[in-house]
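Next come the chains, spelled out residue by residue.
2 protein chains.
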Amino acid sequence: MLALAGYPLGFQFRFYDISAEAPAGDLADLVVGSYEDQRALSRFVEGLDCITYEFENVPVGCARFLSKYLPVLPSPKALEVSQDRFTEKNFFRNLRIPTPDFIEVRSRVALGRALNQMGFPAVLKTRRLGYDGKGQLVIKKNADIEKAWQALKTQPQILEQFINFDRELSILSVRGRDGKIIFYPLVENQHRDGILRLSLAPAPRLTIELQKQAEAYATRVLEALEYVGVLTIEFFQVNEKLFANEMAPRVHNSGHWTIEGAETSQFENHLRAIAGLPLGSTQPRGYSAMVNLIGTLPSIKNMLALPGTHLHLYNKALRAGRKLGHITICAERRKERDAQLAELKTQINLS
Amino acid sequence: MLALAGYPLGFQFRFYDISAEAPAGDLADLVVGSYEDQRALSRFVEGLDCITYEFENVPVGCARFLSKYLPVLPSPKALEVSQDRFTEKNFFRNLRIPTPDFIEVRSRVALGRALNQMGFPAVLKTRRLGYDGKGQLVIKKNADIEKAWQALKTQPQILEQFINFDRELSILSVRGRDGKIIFYPLVENQHRDGILRLSLAPAPRLTIELQKQAEAYATRVLEALEYVGVLTIEFFQVNEKLFANEMAPRVHNSGHWTIEGAETSQFENHLRAIAGLPLGSTQPRGYSAMVNLIGTLPSIKNMLALPGTHLHLYNKALRAGRKLGHITICAERRKERDAQLAELKTQINLS
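For the record, the sequence lines run as chains A and B. Residues 1350 to 1700 (my numbering) are what the first sequence spells out, left to right. Residues 1350 to 1700 (my numbering) are what the second sequence spells out, left to right.
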């Protein structure tokens, strides 16, 4: 999606992936190698002007190696912070951004102590490589403790306060090379089995106060990291208060609606930012809903027969739990968007 | 632009071009060969499902050769009709679609006779390979006749009535494999030196009657050719009447605004049509203006700094008179669009 947004701006692309099956290979040069393969990485940087990433688990060592040759934006520091939940939460805490309470856990004994301190329910999470609900388990009662510990004990963890949130929101922010910062409106995200299913943009019942809160927190993160590009922060909303859950130093699934639903897409703005070009308007165009297609694909004919459907397939092999594509619905009026969404949900069995 | 619209639908692409410099090579497989190179053409068709074209001067022989292997859509017949102004105008006439009067010219004597019959002013045009105002000369008085004849005499010609039109309009229509036909609203096109500079969509002061007239004519063409894909017809408007000027059996420059300005772009709808998928809504999203970038490129930074600017560069080498890209401006209100357009015109010296 970055390449699709970038070709019209006159950019050319080369991708690096550990798999030769990477979908980007269809529409740009693809260099295949491990993250440690310095020879492949050196071949990759040849002739490029700038490097970015759209996967936050690129090893920091790899990003730092590349940054010896070329600007890597957002900086490897942003990767480093967001790859470790403990580092990330401490980072938020140091910036006075509210988060659920959290405690580092290094042993079974420490877990017991942390639970005594925090109380039930709490969430045990691996510090690294968690995504789409993987690497975390809720502990509601004594009987859950040992199960969670056995499942996750091979990796360093944190215990987090379980927040009974009203809903999840995310903010997409963009910081240019010149330090200019812009924001998209907050988006409401609905998950199932830990995987994002649906984003509504702008978030329903969005108040100026909520938006301001999110923008203030994002600004602190962007400035602390001298960040360049799109940054996403996911929040839990409890009453009128936001708690930062996590950040992603990249374009984000909850921003896919911007392709049709905003003046400038997150992909184009990410590229404008890292290329030092003026950022584009983040103004929404009507009301959008983005629905992920997960695991299997409904009939393409049926999906395209629904009015207002914008289909985006990623050309990935089918696999349970995998995001294979998404559909965006845009309408001038909220009611119209909701009616189309209801029809789409029936179509793709998303109740 | 076809590939950029098609990847999200899950399509894959291979392009054929006589030049290895073809911009499409950046984002898809590119097979290079002459239109007569049957070996290269055979390599090209390997593994494809369907072939289309976005240049109406692909030789009909080439299209027919390919159609022995695979569906070529729109059919080679559509190419054949639109490649020859005399055939094309006769085709319109047979379908009772009004056109400027026209007479075939095969000799200097025949030109004199035709002018006697038609009167001044008239336009001498080559039958084939005319585009962007090339291959045509206006004859206003006796002194112009010899000049026009000398300039164009190496090729077969037609003499056309010079119509003092109010404006030029074009209609983009789409016919699916199942015969379903849909239309975008008429667009107003402004040319300079024979090259399209500006399209306004929907056309200002568009009446239901005008739209109906254009749709009725397009329908006759689409059905007569059992056409599949996007077809564009350019009209001269004189009072409330439309005269067909020419048709293009392809996505068209005057439809580039649909990328941001319509629910479904002409590129996506062309692909949906030839792939046998349901067609997408042609509903405009607000008011659009499309400005061509011709010959040279203004500063990209300056262009992107204008609010609401959607830049599309084609990655072609600079050359006088060449279309190097376009900018689309979209706004919810016409006034806002016009204000942005005025600013853009200053920026790129388009008065």
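Since the hints were derived computationally from the structure, they do not count as laboratory data. The C-beta atom is built at its ideal place from N, Cα and C for all residues, glycine as well. Be careful, since some hints might not be right.
As the list claims (entries may be wrong) - Output of the computed footprint for chain B on chain A, the stretches with three or more beta carbons under 8 angstroms from beta carbons of chain B:
1) 1370 to 1377
2) 1570 to 1579
3) 1618 to 1632
4) 1642 to 1653
5) 1658 to 1672
These are the hints, each one checked on the structure:
1. 1370 to 1377: Three-residue rule met by the stretch 1370 to 1377 of chain A, so holds; n is 3.
2. 1570 to 1579: As far as the stretch 1570 to 1579 of chain A goes, the hint is violated, because 0 residues have Cβ atoms under 8 angstroms from chain B.
3. 1618 to 1632: That given contact holds, which follows from 5 residues of the stretch 1618 to 1632 of chain A lying within Cβ reach (below 8 angstroms) of chain B.
4. 1642 to 1653: Our answer is that it holds, as 3 residues pass the Cβ test (under 8 angstroms) against chain B, meeting three.
5. 1658 to 1672: holds (count 6)
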